[in-house]
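One gets the numbering used here by counting positions in the first sequence from 1 and adding 238 to each.
If you are wondering where the hints come from, they were derived from the structure by calculation, not from laboratory data.
Treat the hints loosely; a few may be bogus.
[As the list claims (entries may be wrong)] DSBU-like mimics (lysine-lysine), calculated; alpha carbons at most 30 Å apart, straight line:
id : residue 1 : residue 2
1  : Lys401    : Lys423
2  : Lys332    : Lys368
3  : Lys252    : Lys288
4  : Lys408    : Lys423
5  : Lys414    : Lys242
6  : Lys429    : Lys442
7  : Lys384    : Lys330
8  : Lys396    : Lys329
9  : Lys242    : Lys423
10 : Lys299    : Lys408
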Amino acid sequence: MRLKRSFYTQPTLKVAKNLLGQIICRRFGNGRILRGKIVETEAYIGPNDKASHAIGGRMTKRNLAEFLIGGHIYIYLVYGMYWQFNISTSKKGKPECVLIRAIEPIIEKSPKSEFLISKQIPNHKSQIPKLTNGPGKLCRYLGLDKSFYGEDLVRSEKIWLEKGEKVRSKNIIAAKRIGIDYAGKYWASRKWRFYIKGNKWVSKK
DNA sequence: GTACAGATTGAG
DNA sequence: TCAATCTGTACT
């Protein structure tokens, strides 16, 4: 069952935690679908959050999607080569979002599925455990780029989220966000990164 | 117009 | 520990 708008418009920290265990579904042009369970997220809550691209209410062509009502895709390039897949949260006009940092691939047993994955990524068999354990890597795996900017997860035919397993709160770890030390001690120390305890697809630090 | 640094990754 | 790689953003 596809997640509805009401899921994404909840408070951002709640969405970041509730996204754990949900299933990202990506339909490619040939009809094949890749799925992955979300195992790691990070919340960015502008305009106060100094780590947010919307710090101080800054609105640019690049971060506009952060301001959309919950459920839209905010995707951007970092370090000149890696896409970062974010989902807008909260109400329209509030620059809040959740970065998807890692997913656990769901591999169908059928030969056809295996063929698709191997077409996307050569030698997938040995690489699968390490293919999606990071925000840049999961975008490469799911074939996500600028063309998905602003896409609505509630309506899109190419990408959406489905209800997955419920993750018990005792199995959710809260930790500091990664790669944002420039935001200063206060914001860098907020424990706004969440991951499923013990899951081996969580990004390594 | 030009400089610069980044919500990462993988090699050495 | 460090380079790759490039665009959005800020500043001249």
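Original post:
If you draw a straight line from the CA of Lys332 to the CA of Lys368, is it 30 Å or shorter?
Top reply: violated (34 Å)
Original post:
Is the Cα-Cα distance between Lys396 and Lys329 30 Å or less?
Top reply: Roughly 24 Å separates the two Cα atoms, so the pair holds.
Subject >> Satisfaction of hint between Lys288 and Lys252, Cα-Cα up to 30 Å >> reply: The hint holds at about 20 Å.
Original post:
Are Lys408 and Lys423 close enough, with their CA atoms no more than 30 Å apart?
Top reply: With a Cα-Cα distance of about 27 Å, the restraint between Lys408 and Lys423 holds, given a limit of 30 Å.
**OP:** Below or equal to 30 Å on CA atoms is what counts here, so check Lys242 against Lys423.
**Re:** violated (36 Å)
Original post:
Does Lys401 pair with Lys423 here, judged by a C-alpha cut-off of 30 Å?
Top reply: With Cα atoms ~36 Å apart, Lys401 and Lys423 exceed 30 Å; violated.
Subject >> Pair hint Lys384 and Lys330, alpha-carbon separation not exceeding 30 Å >> reply: OK: Lys384 and Lys330 at ~21 Å, within 30 Å.
Original post:
Within 30 Å, alpha carbon to alpha carbon, are Lys414 and Lys242?
Top reply: At roughly 29 Å apart (the allowed maximum being 30 Å), Lys242 and Lys414 satisfy the hint.
Subject >> 30 Å limit on alpha-carbon distance, applied to hinted pair Lys299 and Lys408 >> reply: With a Cα-Cα distance of about 39 Å, the restraint between Lys299 and Lys408 is violated, given a limit of 30 Å.
Original post:
Regarding the pair Lys429 and Lys442, is the alpha-carbon distance no greater than 30 Å?
Top reply: holds (17 Å)
Taken one by one, the earlier hints fail for this structure at numbers 1, 2, 9 and 10, listed in ascending order.
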